[in-house]
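> Next come the chains, spelled out residue by residue.
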Amino acid sequence: MDIARLWRQQPSNIRLLGSRCRSCGVLTFPERVRCAECCSSELQAYQFKGDGELLVATTVYEAPRGFVDQVPYVAGLVRLVEGPIVAAMITDIEPDKVAVGMRVEMVTRRICSSGADDPIVYGYKFRPVAHHD
Amino acid sequence: MDLAHLVGIGRTKAGEHWNRGLVDLAVEAGGAALDEAAVSPTAIVVGNALGSVLGDQRNLAVYIAARLGYRQAETHTVESDEASGGAALRMALALLNAGFHEAVLVIGAEKPTDTFPDGVEAGRANGLDVLREAGFGFGVSVAAALAMTNYINTYGVDRSSFYHISAHAHRHAALNDLSFMSWALSEEQYAKSPLVADPFKVCDGAPPCDGAAAAVVTLKRPETDQTVRVIGSAGISIEPGIWRPVLELKLPAAQQSASRALDQAGLTTKAISLFELHDSSTIMGALSLEAIGLADKGQALKLAEGDALSLKGAHPAWTFGGHKARGHTLGASGMYQIVEAALQLRGDAGQNQVADARTALVQSLGSFGSTAFTHVLSR
Amino acid sequence: MALGSSVGVIGYGGYVPRFRIDAAEVDRVWKGPGMRPNGRVFKAVSGPDEDTITIAIQAARNAMKMAEIDPADIGAVWFGTESKPYAVKPTSTFVADAIGALPFSAAADWEFACKPGTEAMRAAAAMVGSGMSRYAMCGGADTAQSRPGDALEYHAGAGGAAFIMGPADESLAVLLGSTTYATNTPDFFRREGRSYPSHGQRFTGQPAYFHHIESAVARLFDELKVGPEDFTYAIFHQPNYQFPLRVGKALGFRKEQIEPFILTNMVGNTYSGALLLSFAYALDKVAPGDRILLASYGSGAGSDAASFLVTDRLAEVRSRGVPVQYYIDQGTPIDYAFYARYTQKIKLT
Numbered sequence: 001m002d003i004a005r006l007w008r009q010q011p012s013n014i015r016l017l018g019s020r021c022r023s024c025g026v027l028t029f030p031e032r033v034r035c036a037e038c039c040s041s042e043l044q045a046y047q048f049k050g051d052g053e054l055l056v057a058t059t060v061y062e063a064p065r066g067f068v069d070q071v072p073y074v075a076g077l078v079r080l081v082e083g084p085i086v087a088a089m090i091t092d093i094e095p096d097k098v099a100v101g102m103r104v105e106m107v108t109r110r111i112c113s114s115g116a117d118d119p120i121v122y123g124y125k126f127r128p129v130a131h132h133d
Numbered sequence: 001m002d003l004a005h006l007v008g009i010g011r012t013k014a015g016e017h018w019n020r021g022l023v024d025l026a027v028e029a030g031g032a033a034l035d036e037a038a039v040s041p042t043a044i045v046v047g048n049a050l051g052s053v054l055g056d057q058r059n060l061a062v063y064i065a066a067r068l069g070y071r072q073a074e075t076h077t078v079e080s081d082e083a084s085g086g087a088a089l090r091m092a093l094a095l096l097n098a099g100f101h102e103a104v105l106v107i108g109a110e111k112p113t114d115t116f117p118d119g120v121e122a123g124r125a126n127g128l129d130v131l132r133e134a135g136f137g138f139g140v141s142v143a144a145a146l147a148m149t150n151y152i153n154t155y156g157v158d159r160s161s162f163y164h165i166s167a168h169a170h171r172h173a174a175l176n177d178l179s180f181m182s183w184a185l186s187e188e189q190y191a192k193s194p195l196v197a198d199p200f201k202v203c204d205g206a207p208p209c210d211g212a213a214a215a216v217v218t219l220k221r222p223e224t225d226q227t228v229r230v231i232g233s234a235g236i237s238i239e240p241g242i243w244r245p246v247l248e249l250k251l252p253a254a255q256q257s258a259s260r261a262l263d264q265a266g267l268t269t270k271a272i273s274l275f276e277l278h279d280s281s282t283i284m285g286a287l288s289l290e291a292i293g294l295a296d297k298g299q300a301l302k303l304a305e306g307d308a309l310s311l312k313g314a315h316p317a318w319t320f321g322g323h324k325a326r327g328h329t330l331g332a333s334g335m336y337q338i339v340e341a342a343l344q345l346r347g348d349a350g351q352n353q354v355a356d357a358r359t360a361l362v363q364s365l366g367s368f369g370s371t372a373f374t375h376v377l378s379r
Numbered sequence: 001m002a003l004g005s006s007v008g009v010i011g012y013g014g015y016v017p018r019f020r021i022d023a024a025e026v027d028r029v030w031k032g033p034g035m036r037p038n039g040r041v042f043k044a045v046s047g048p049d050e051d052t053i054t055i056a057i058q059a060a061r062n063a064m065k066m067a068e069i070d071p072a073d074i075g076a077v078w079f080g081t082e083s084k085p086y087a088v089k090p091t092s093t094f095v096a097d098a099i100g101a102l103p104f105s106a107a108a109d110w111e112f113a114c115k116p117g118t119e120a121m122r123a124a125a126a127m128v129g130s131g132m133s134r135y136a137m138c139g140g141a142d143t144a145q146s147r148p149g150d151a152l153e154y155h156a157g158a159g160g161a162a163f164i165m166g167p168a169d170e171s172l173a174v175l176l177g178s179t180t181y182a183t184n185t186p187d188f189f190r191r192e193g194r195s196y197p198s199h200g201q202r203f204t205g206q207p208a209y210f211h212h213i214e215s216a217v218a219r220l221f222d223e224l225k226v227g228p229e230d231f232t233y234a235i236f237h238q239p240n241y242q243f244p245l246r247v248g249k250a251l252g253f254r255k256e257q258i259e260p261f262i263l264t265n266m267v268g269n270t271y272s273g274a275l276l277l278s279f280a281y282a283l284d285k286v287a288p289g290d291r292i293l294l295a296s297y298g299s300g301a302g303s304d305a306a307s308f309l310v311t312d313r314l315a316e317v318r319s320r321g322v323p324v325q326y327y328i329d330q331g332t333p334i335d336y337a338f339y340a341r342y343t344q345k346i347k348l349t
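Protein chains in written order, with my numbering: chain A, 1 to 133; chain B, 1 to 379; chain C, 1 to 349.
Zero decoy hints are in this set.
When the alpha-carbon atoms are kept at most 25 Å apart in a straight line, the in silico DMTMM-like pairs for lysine to aspartate or glutamate are as follows:
| # | chain 1 | residue 1 | chain 2 | residue 2 |
| --- | --- | --- | --- | --- |
| 1 | A | K49 | B | D129 |
| 2 | C | K89 | C | D73 |
| 3 | C | K65 | A | E53 |
Hint data in this document are derived by calculation from the structure and do not stem from the laboratory.
Can you build the whole structure from these sequences, using the hints too?
Here is the structure:
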């Protein structure tokens with residue numbers, strides 16, 4: 001991963017930062033420079049909470065290059081409580097325990113790295129919500 | 001209205017061409033198309049999806065033109081992910097109909113087998129959202145697996161029934177000498193094929209392979225009787241993202257581009273003799289059948305199980321084996337479909353011939369259905 | 001040195017990865033039966049997508065959940081570790097970024113074998129006590145390294161904890177005083193570029209662990225004019241189950257003051273994370289009015305000792321966090337093969 005490219009993605013990758021349109025109020029993840037709903041360029045940074053619901057998931061056995069060392073991994077679509085849908089890996093769970101509709105929360109994990117002389121890509125994954133009393 | 005006439009076609013076998021490079025394949029197919037045509041194109045449009053991603057030639061069309069003996073020509077290299085073949089043809093139609101050229105050579109070419117499969121999968125994944133999908137471990141097989149999962153849950157179909165889409169394609173590929181997987185696929189083979197991403201099996205995916213297909217298109221009707229006309233053409237892209245096909249089980253770009261191309265041709269699907277759709281996976285094949293209205297929602301697998309899609313059926317589809325069994329030449333697949341449809345309309349399809357084929361609908365999709373090009377051909 | 005009880009902990013969070021390996025499984029592969037440590041020992045193993053940075057981030061997020069403060073008020077984020085994913089490039093900038101504390105926050109990594117967390121805690125307390133910032137975060141995290149087959153491998157675990165220091169009147173536990181004691185003792189080290197640490201075997205005991213902790217705690221007793229009977233609980237660095245009990249006994253503590261918060265048999269020795277993780281685990285369970293002695297140990301060598309008084313506020317805020325017990329209960333057993341895979345002991349390139 002190119003260093004500048006990675007750096008530019010960090011706010012969304014690590015903090016789940018998106019955009020809120022000042023004009024129409026629509027929330028987008030990740031950040032945008034122009035609202036796709038109303039075309040306004042008056043956007044402000046919006047911090048997503050990281051809570052969501054798992055909509056659909058699969059367990060991956062044959063991965064694209066860069067992710068082969070993580071198989072088998074669970075990949076799914078998560079709807080954030082604020083609305084946007086995020087494609088992400090689901091971690092901290094055995095594949096056979098994954099259930100659609102499960103409440104999940106964002107965690108920061110290692111996503112991939114292209115080599116020992118390249119930066120490590122950290123980013124969001126989701127895990128079952130930490131239940132407690 | 002005739003948008004163009006196909007006056008020469010050519011294609012290589014789809015498969016593993018260890019002794020041929022990307023340009024070689026394109027030259028082979030392009031040369032065959034030129035040999036058939038009585039005209040000399042002055043422009044060359046090449047559709048290719050992964051060449052530059054996999055480390056191959058950029059500005060590909062220039063190098064192909066030179067190898068075909070052109071001292072000069074207008075060249076374009078078109079990349080629209082797996083829809084590159086359809087996009088290249090549409091670009092050629094634009095050049096003709098703008099009056100810029102009288103004849104254009106269109107080539108689709110792809111050479112993925114030099115790269116190991118995980119690299120090809122990563123290259124294909126870059127046709128999805130590179131930051132938010134490919135960058136997080138999602139490839140086209142992962143997306144297809146998610147769509148299959150939701151299809152199974154939504155419509156209550158058995159996961160094994162996706163076999164019918166693959167089996168259907170293999171039956172036609174078995175008759176086609178130029179196909180990559182020219183054998184019948186048994187239910188047992190399908191069931192035993194390894195999981196790529198649950199429930200997507202190896203046999204649910206169209207195998208990426210090498211190949212090139214080409215056509216010479218002209219605006220003027222040729223002197224000969226043997227002409228294939230392009231009478232409808234539409235290209236549409238919608239907001240990308242795997243979530244829409246996965247969650248909504250719809251391909252709006254496929255649906256709308258088919259509808260526009262048919263409108264332009266003044267036809268409905270009922271009047272179409274055969275269909276070449278984008279079966280990059282069993283689920284994409286199923287969703288495509290539903291998008292163009294051949295099957296109701298959730299009914300595509302049942303349709304494939306019967307013989308409606310066979311050469312003698314009501315709606316012959318994937319007549320040379322489709323991407324699934326002819327082989328998925330990615331950015332070239334759209335041009336394979338065009339060449340195969342042209343062979344049908346010329347009556348040159350041999351064992352794969354659909355009797356009295358008069359019209360064909362050809363659809364090429366990219367970025368998991370976000371981009372669609374549809375062409376309607378007629379004899 | 002006492003800060004006049006002006007500073008304390010206003011939020012904390014622990015984190016332990018979910019995988020566990022049984023020490024008996026390590027034994028099975030390396031030594032054969034009969035050599036295993038006393039009692040059952042499970043140690044936490046980080047998953048294939050985890051490292052010290054991700055562990056520290058999760059602990060810090062859990063601390064922020066409890067503290068409910070504006071991250072912009074945090075003037076320092078200081079994590080200690082001996083398993084930095086980047087040899088050069090701070091772990092702490094990732095943590096500070098993740099909780100939103102940047103850009104006006106100090107962010108550096110601390111290294112003192114297993115005790116940089118308390119070193120950072122003393123500095124954070126000084127930062128707050130001196131008025132340089134309203135809050136300061138400190139913590140320790142490790143994916144503890146151990147040579148395959150070495151005695152360390154039975155315990156070297158993975159985990160970490162984060163603490164937010166702030167004004168005493170917002171604190172759930174007030175810092176009553178702390179001391180430090182350090183010498184130049186080469187009992188355990190890892191040289192640049194090496195994958196696994198080396199250690200002096202029995203030399204790591206009396207002249208190292210015991211001497212330093214006993215010296216630091218004795219000095220704390222002197223300065224605060226207290227003794228073992230003044231503490232409800234004592235938490236010592238725990239490279240194994242026996243050492244904290246033995247050092248406590250030598251200092252005059254009863255087993256009951258020490259044993260409840262020894263985690264080594266459940267998550268292993270999480271090196272830089274160990275003492276602070278046990279402190280977090282203790283704070284999940286103690287009651288207002290309890291006094292807690294904390295004594296770290298870092299090879300090389302030194303010990304920090306501190307005395308905390310738990311306030312009524314603990315009961316109000318701790319339910320906002322995620323208890324360490326939650327992560328302990330998530331334990332998923334793996335065999336040595338998966339352990340070797342997840343800890344990169346199998347070289348793929």
